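Mind docking chain X on chain Z? Use the hints.
The chain contents come next:
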Amino acid sequence: MRWTRIKGDQLAAVLVIMPSLALLAIFVYGFIGRTIYISLTDWGQGAALALKPEIHLIGLQNYRDLFAGFLNVRFRQDIVNMVFFTLLFVAASLTTGLFLATLIDQRIRGEALFRTTFLFPMSLSFIVTGTIWRWLFQPRGGVNVLPATVGLPPGGFLWLSSRDQTLQFNWQMLPYYLGVVASVVLAAAVLWLLFRHRHRSALIAAVPAVVVVAWTLSGHAGTCHILPSPEPHGFNLALIGVVIAASWQMSGYTMALYLAGLRTIPDELREAARVDGASQFQMYRYVELPLLTPITWSAIIVLGHIALKIFDLIFAMAGPDNAPTSVPAILMFLTTFRGNELAKGASIAVILLVMVSTLIVPYLVTSLRARSGR
Amino acid sequence: MCQQRAIRCLVYTLLILLAVAYLVPVYMTVVTSLKAPSEINLLTAWNPPARPYWASYSTALKQFAPSLKNSVILAITATLVSAALGSLNGYVLCKWAFPGAGVVLPLIVFGMFIPYQSILVPLFQFMRRIGLYGGLPGLVLVHVVYGLPITTLLFRSFYAEIPDELLGAAFIDGANFLGIYRWIVMPLSGPPFLVVAIWQFTQIWNEFLFAVTLARPASQPITVALANLAGGQAVSWNLPMAGSVLAALPTVVVYVLLGRYFIRGLLAGALKG
Chain Z
1 MRWTRIKGDQ LAAVLVIMPS LALLAIFVYG FIGRTIYISL TDWGQGAALA
51 LKPEIHLIGL QNYRDLFAGF LNVRFRQDIV NMVFFTLLFV AASLTTGLFL
101 ATLIDQRIRG EALFRTTFLF PMSLSFIVTG TIWRWLFQPR GGVNVLPATV
151 GLPPGGFLWL SSRDQTLQFN WQMLPYYLGV VASVVLAAAV LWLLFRHRHR
201 SALIAAVPAV VVVAWTLSGH AGTCHILPSP EPHGFNLALI GVVIAASWQM
251 SGYTMALYLA GLRTIPDELR EAARVDGASQ FQMYRYVELP LLTPITWSAI
301 IVLGHIALKI FDLIFAMAGP DNAPTSVPAI LMFLTTFRGN ELAKGASIAV
351 ILLVMVSTLI VPYLVTSLRA RSGR
Chain X
1001 MCQQRAIRCL VYTLLILLAV AYLVPVYMTV VTSLKAPSEI NLLTAWNPPA
1051 RPYWASYSTA LKQFAPSLKN SVILAITATL VSAALGSLNG YVLCKWAFPG
1101 AGVVLPLIVF GMFIPYQSIL VPLFQFMRRI GLYGGLPGLV LVHVVYGLPI
1151 TTLLFRSFYA EIPDELLGAA FIDGANFLGI YRWIVMPLSG PPFLVVAIWQ
1201 FTQIWNEFLF AVTLARPASQ PITVALANLA GGQAVSWNLP MAGSVLAALP
1251 TVVVYVLLGR YFIRGLLAGA LKG
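As you go down the protein sequences, you meet chains Z and X in turn. If you count by this note's numbering, then the first sequence holds residues 1 to 374, one letter each, in order. If you count by this note's numbering, then the second sequence holds residues 1001 to 1273, one letter each, in order.
Next comes chain Z alone, as it looks inside the complex (with noise of 0.2 Å):
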């Protein structure tokens, strides 16, 4: 009796998810899946508008042209653009964020009224954030001719369409390049594995640091160009402003998270670290900072996705057109909904799918993991 209860309820409750689900799987699988099949044809032009387009696979041509062909300059630089704002804006925040929670943290009086200055932006959209900014960072006005109040010089910084940049490489060299990066990783994450002892694991990924060192110094990576001739790529100096924006923006919420871990740090154990003779300071580097390291990667991963993915900001900030700011998402939407360029839209969007993968799903599988766990 009771058991033919409980094999209806459980009928039920499929029931009553199966719409949501179902929607789900269509709505993100599904689609996915068909932005993948049109980033491997030649979907565009004049195929774009058609009623019934016709539609060649063409394999991985658009990712082949994207980052080695003639014509793509424009998403390269995009992609550089894209990794040096998200370093300079994750670092940003979590610093200052950090640095706002600790001073907030010293039973200070107006405790609340401090914490919402600082949060409020958090509840601002990027479009109201860039609006704002775009004022502030006229060329001859705002932020330039604040020293000027104070009888100063104005400054002349042409804050988000400067051409300068700095930092310059060569793209036809990057496989070298990434051999580089891969090397310094790998060799780090052996040293580290050493130092803690697990030899086991060491072993393990000392194999492919070796390979990728030594495919690195014997020279092939130097010689394995991917573009015909050269082509500089950098850090340009207009996406400062960018960062500083979306900072001023999103550091209240690395405030949040850190306040909320440092309140949770129990007061026997610093209590403890006080009966064993431990100064303000001791207390704050050796017992308060270890506790918020997993705050830190939490932080890292939430506003490393985001970053990856602007685009309101920039859209508001400094318009579409806008080369020395552009990043990919925006570069998508103009090569697919100006362009009519699906394909290629549909690539790039790919492309970008596969970075914020990298960096959510392994943070995905172990933090439901720990949650179901407990």
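Honestly, I wouldn't trust all of these hints.
According to the in silico footprint, chain Z covers these stretches of chain X (three or more CB under 8 Å from chain Z) [unchecked claim]:
id	segment
1	1147 to 1153
2	1238 to 1250
Partner residues are not named here, just some residues of chain Z that face chain X (Cβ under 10 Å, in silico) [to be verified]:
id	residue
3	Gln10
4	Leu11
5	Val14
6	Leu103
7	Val128
8	Ile132
9	Arg140
Honestly, the hints are just simulated from the structure, not real lab data. None of these values were measured; they are calculated from a predicted model. Even glycine gets a Cβ: it sits at the ideal position worked out from N, Cα and C.
Same frame as chain Z, but now just chain X:
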């Protein structure tokens, strides 16, 4: 003791300086929005207006009224529907886990992290095929579907705090799947609903990519209208600034009044509830 006092002094100085720096953009927005177009000059941008020019706001309000109305309808409808569905899903996944539910959850949650560019072209075609392209109902549908991962996840983690014994007791008393939801889970859903609703409302009100690709001018939300105005050439800056204030007001008010719940959503959104 003296050193202690010096440190506290330093902490307060730093905090006040930082707070001022964070409020600078707000100051500039308000000051510029209250200037007459003729008074706006790049060199005197930092000065307060000689006399507040309220006409910026009445003009902006008139100009943005249709898109503000669209945003209100869109955000409220999509928030309510996605929260209701998320509540049911969370209840099922938390209390009636079926075989394979452990795999289903990460697959659901993945949907909230994807860059929406990666589904945009098929979505665009799909909306045109089913006749929902360009209007508000289509946007509502899109926001409901892509809101399901976060609402489901949030409700599921809240419902984990309801003890199973409570549900078991109701079950023995004869309540079935829907009865338990109606009489036990729903009455306990107030605060979670608030957290989810605030989160969704803010997200949908602030959203831009779907709005700019899937809405015809007549059903544009405020974000698109504001971006179009500020992105145009030869704007007098008092209008975009007044528009920014209008566009920011609903979410800022929600945040100031219900900040506690906003932060809970924020923290849970990082998957560490």
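Now for the hints, and whether the structure bears them out:
{"no.": "1", "hint": "1147 to 1153", "in the structure": "holds (count 3)"}
{"no.": "2", "hint": "1238 to 1250", "in the structure": "holds (count 6)"}
{"no.": "3", "hint": "Gln10", "in the structure": "6 Å, holds"}
{"no.": "4", "hint": "Leu11", "in the structure": "9 Å, holds"}
{"no.": "5", "hint": "Val14", "in the structure": "6 Å, holds"}
{"no.": "6", "hint": "Leu103", "in the structure": "5 Å, holds"}
{"no.": "7", "hint": "Val128", "in the structure": "5 Å, holds"}
{"no.": "8", "hint": "Ile132", "in the structure": "5 Å, holds"}
{"no.": "9", "hint": "Arg140", "in the structure": "5 Å, holds"}
In summary, the structure agrees with every hint in the numbered list given earlier.
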